[in-house]
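The task is simple: from the sequences and hints, build the whole structure.
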Amino acid sequence: MNAPDTHMIGAAIKRKEDYRFLTGNGQYTDDVLLPQQTYGVFLRSPYAHATIRHIDVSAAKAAPGVVAVFTGSDMAAENIGGLPCGWLIHSLDGTPMNEPPHPVIAHEKVRHVGDQVALVVAESVKEAKDAVELIEVEYDVLPAVVDTATAADTGQALVHDGAPNNTSFTWGHGDKAATDAGFAKAAHVTTLDIVNQRLIPNAIEPRAVNASYSKSDDSYTVYVANQNPHVERLLMAAFVLSLSESKLRIIAPDVGGGFGSKIYLYAEDVALTWASKKVRRPIKWTCERSEAFLSDAHGRDHVTKAELAMDSEGKFLAMRVHTTANVGAYLSTFASCVPTLLAGQYATPAIYAEVKAVFTNTVPVDAYRGAGRPEATYVVERLVETAAREMNLDPAEIRRRNFIRSWPYTTPVGLTYDSGNYAALLERAMKLADVEGLAARKEASRQKGKLRGLGYSCYIEACGLAPSNVAGALGARAGLFEAGEIRVHPTGSVTVFTGSHSHGQGHETTFAQVVADRLGISMDNIEIVHGDTGRIPFGMGTYGSRSIAVGGSAIMKALDKIEDKAKKIAAHLLEASAEDIEFKDGIFRVAGTDRTKAFAEVSLAAYVPHNFPLDKLEPGLNENAFYDPSNFTYPSGAYLCEVEVDPDTGETRIEKFTAVDDFGNIINPMIVEGQVHGGLGQGIGQAMLERAVYDNESGQLLTGSFMDYAMPHASDLPNFTVDSSQGTPCVHNPLGVKGCGEAGAIGSPPAVINAIIDALAPLGVKDLQMPATPHRVWAAMHAATSTQG
Amino acid sequence: MYSFDYQRPDQADAAVAFLHANEDAKYLAGGQSLLPTMRLRLAQPSALVDVTRIGSMKEIVVTGDKVTIGGSASHAQVAANADLRRAIAGLADLAGKIGDRQVRERGTIGGSLANDDPAACYPSAVLGLNATIVTDRRRIAADDFFLGMYETALEADELIMSVEFPLVERAGYEKFRNPASHFALVGVFVAKHAGGVRVAVTGAAACVFRCTELEDALSKDFSVAAARGVTVTAGTLNDDMHASAAYRAHLIPILAGRAVERANAF
Chain A
1 MNAPDTHMIG
11 AAIKRKEDYR
21 FLTGNGQYTD
31 DVLLPQQTYG
41 VFLRSPYAHA
51 TIRHIDVSAA
61 KAAPGVVAVF
71 TGSDMAAENI
81 GGLPCGWLIH
91 SLDGTPMNEP
101 PHPVIAHEKV
111 RHVGDQVALV
121 VAESVKEAKD
131 AVELIEVEYD
141 VLPAVVDTAT
151 AADTGQALVH
161 DGAPNNTSFT
171 WGHGDKAATD
181 AGFAKAAHVT
191 TLDIVNQRLI
201 PNAIEPRAVN
211 ASYSKSDDSY
221 TVYVANQNPH
231 VERLLMAAFV
241 LSLSESKLRI
251 IAPDVGGGFG
261 SKIYLYAEDV
271 ALTWASKKVR
281 RPIKWTCERS
291 EAFLSDAHGR
301 DHVTKAELAM
311 DSEGKFLAMR
321 VHTTANVGAY
331 LSTFASCVPT
341 LLAGQYATPA
351 IYAEVKAVFT
361 NTVPVDAYRG
371 AGRPEATYVV
381 ERLVETAARE
391 MNLDPAEIRR
401 RNFIRSWPYT
411 TPVGLTYDSG
421 NYAALLERAM
431 KLADVEGLAA
441 RKEASRQKGK
451 LRGLGYSCYI
461 EACGLAPSNV
471 AGALGARAGL
481 FEAGEIRVHP
491 TGSVTVFTGS
501 HSHGQGHETT
511 FAQVVADRLG
521 ISMDNIEIVH
531 GDTGRIPFGM
541 GTYGSRSIAV
551 GGSAIMKALD
561 KIEDKAKKIA
571 AHLLEASAED
581 IEFKDGIFRV
591 AGTDRTKAFA
601 EVSLAAYVPH
611 NFPLDKLEPG
621 LNENAFYDPS
631 NFTYPSGAYL
641 CEVEVDPDTG
651 ETRIEKFTAV
661 DDFGNIINPM
671 IVEGQVHGGL
681 GQGIGQAMLE
691 RAVYDNESGQ
701 LLTGSFMDYA
711 MPHASDLPNF
721 TVDSSQGTPC
731 VHNPLGVKGC
741 GEAGAIGSPP
751 AVINAIIDAL
761 APLGVKDLQM
771 PATPHRVWAA
781 MHAATSTQG
Chain B
1 MYSFDYQRPD
11 QADAAVAFLH
21 ANEDAKYLAG
31 GQSLLPTMRL
41 RLAQPSALVD
51 VTRIGSMKEI
61 VVTGDKVTIG
71 GSASHAQVAA
81 NADLRRAIAG
91 LADLAGKIGD
101 RQVRERGTIG
111 GSLANDDPAA
121 CYPSAVLGLN
131 ATIVTDRRRI
141 AADDFFLGMY
151 ETALEADELI
161 MSVEFPLVER
171 AGYEKFRNPA
181 SHFALVGVFV
191 AKHAGGVRVA
201 VTGAAACVFR
211 CTELEDALSK
221 DFSVAAARGV
231 TVTAGTLNDD
241 MHASAAYRAH
251 LIPILAGRAV
261 ERANAF
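The listed protein sequences derive, respectively, from chains A and B.
Taking our numbering, the leading residue of the first sequence gets 1, the next gets one more, and so forth.
Taking our numbering, the leading residue of the second sequence gets 1, the next gets one more, and so forth.
Hints in this document: simulated from the structure, not taken from any laboratory.
What follows is a set of in silico ranges between Cβ atoms, one per label pair, in the way DEER data are often shown:
1. B:17 to A:78: 55 to 61 Å
2. A:446 to B:139: 51 to 57 Å
3. A:288 to B:194: 50 to 56 Å
4. B:100 to A:19: 23 to 29 Å
For every residue, glycine included, the Cβ atom is placed at its ideal position computed from N, Cα and C.
Right, dumping it as structure tokens:
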């Protein structure tokens, strides 16, 4: 037996799961092959907006290998409901959001290119595809609405007849009067028009479903590439198919990335599950990349007007933000929850935000890595840096003058930051980024004919979603706790069942470290089980950087119960009182004596209770716990980006990127660093490369493949300097952790854009929209120099 | 992908005869454009005639006055050929920067030229170096070969056997990559021939073209400054979501200057 691993928290352990991934032994949904397997392929709408006059599936049904063909009217005939939205927002006037039906297969009307029109089930993918081409659909093409800013204008076509002005809701938050008063007494107001462009997530594993129905017990088993199997089960069983949850088992096996796009209950998941009972055979669908572009929930797509009021010293007085958010053709699962964390790291006394959510004939938009915090951080950090430039203040100095300096701190938008030290993060980042040497580096670039700039971003985000009472007050239609179960086996090995789901985050390692550290046993004797509603007690899944903060805390609570129970067993074995038993490094000891029992002896006794006092002590060592956080966690950081721009072409290289983060306590620094790298890659991708473009007239997605949608390559990214040494532990969860999964994507875009604007400022450039492609950078320089000239 | 028949002859005349007899058949070289198109069901050839096993078509021969590259020589082969690197370094350099490593192992010069993607690299070298395309039935001058977007002088069953490049004094290529596809947003090939400079531009228009303003300026003075002194009009250049015509026009002389710098450095 291996030596017990103690003090595992904080150790950079290599990931347990990587061996199977790197050797091709991962088991993804597409790897699951069931007896009698059939394959599903969807016919998708070629039009952005059209009435379906007639569908003729007779030729498809007669085609070789075809098992069945289903359309929207087949589902409507059985009263299969639409897909639900998991978050209810109320408008300023108190009315609930407009929530039009979201049919599983389009019925009577298609509302975006890629909308499902029919499902063909066949013996092979090829036969299903051949049959899809035989389906004849007559469409009456309608005008398409695409543009976010103008979607609510009068005269626009209506995406849903029941949603006037294409508006779902107009939500307001904060003290409007106090904010207006702040602006009234301002010495200076900075105003920005910001586009947070639409992004397409593109996890490396496309979505996939393999659904089967068993007549023997009238139940369904669905393998699906998903981030939260219990949520998928709840939504599909209770809200769409009217099944008892016990009749629906959702298994999310190895999942290759999600970034939010695999949180949701998708139409394909429901259609296959429903159809599997019809055909009495398992049906598998694996999304193809070009299909993913047209059917995975997209991200961001906000158009914002933001204003910041300051006194003459650059102290912030108030901030006002008006955003129009494009939710696409239907409300996706959490589309309406566009949280805003607008206070940033600053003690701004008054904030008012208004968000109008509009429908368009585009793919539904939902949460994508960061989910609201990248949007809010981009607004705040672009405003702050622009304000500094306008007021001739150093960008670090304006931040220092406004930093929150004592905690807990309650923001004007109702959140209470529990801990942090923003000024220390900034100082550390400035030191690592060698801000002192910037002037010399700028001059060296100038000598080469290049322009160099430095940009700051001091982000804060809310993770650890979420206190259920707060989430409920904000409109969540679910609780946001997490569940964990610890099963100690007779020989002392442990299986941990967690409601968190790992799709790249390394939970099998991090969570095992937590348990090994606590129980003083080897990591090799700990197995982490996730992603199966048939095995896990319950779970709310993984998103919003919540796994260690909420899922890890549930595991800690279950470990508390294990320790209590084990102490009672040890006390019985050692003939002592449970109060006198100490537990440390895997050993139970009667305090102050050399009388001990090892963890494995206690666990064996738990299952061999030959002389247990059964009236006082139950056999077994198996505990579960639910943890509902009392607050969000608030990771924060200071990111500095240094760029060099080639004025000939607008080409921009990131020369240095420094990320100093406060994630609280850290379980595995190597995994945390990897998470930050990935987040930075995505954030820099948004800042410099990625953009979904629709044709305004036809509603066709013009960036429908990697030929036109620019994903970041490794060669687009610099070496990162990542530092987490300034962490302040979270004060309200047992591990003191805050979460690190999204920070990189949240903090980096404004740092990059601020840096490019700093580089171009000598030419008179004041603003730049994302993505800062060479063409855009050149155009900004060109426009500035021609106006000046 | 639809089903198709597959042939792999080892003689060119067998390949040509098959295509001649089967109207919907297509030659398959590296397949780097054709196969993805077929996978998306956007092309449905009845048969593919793989020409990569025709021995003579893989050879690269360098003589005193020209370089002859077989039609199915891969980009990687061209990039790594030591004789070719000595003879026309700018051509080997271009081949070594096409696509990525996997594309360069599979993609071929004949396939690239027959496909004539408006953003492909090779057409600019062929036009700039004034190469001759040798087919199974004739010799076609570069100036007569590229007719438009994906359109060449080739007949439907005509097979590119080789491409002959005359040796020149200096040659260099510079491309500005499309951030998404990494194809040339604009690519400029400059070649200093004994009788003057030829400049061919790819990626910027519907088809590769010669830029006479740059040719005139560089023929007088083969220098970076001379290239940068030229103004190219946006006119009919591509204008799309990746770059405006004005931006492409702006990039052409700058990239020409960099290509001159590169040519002079070999």
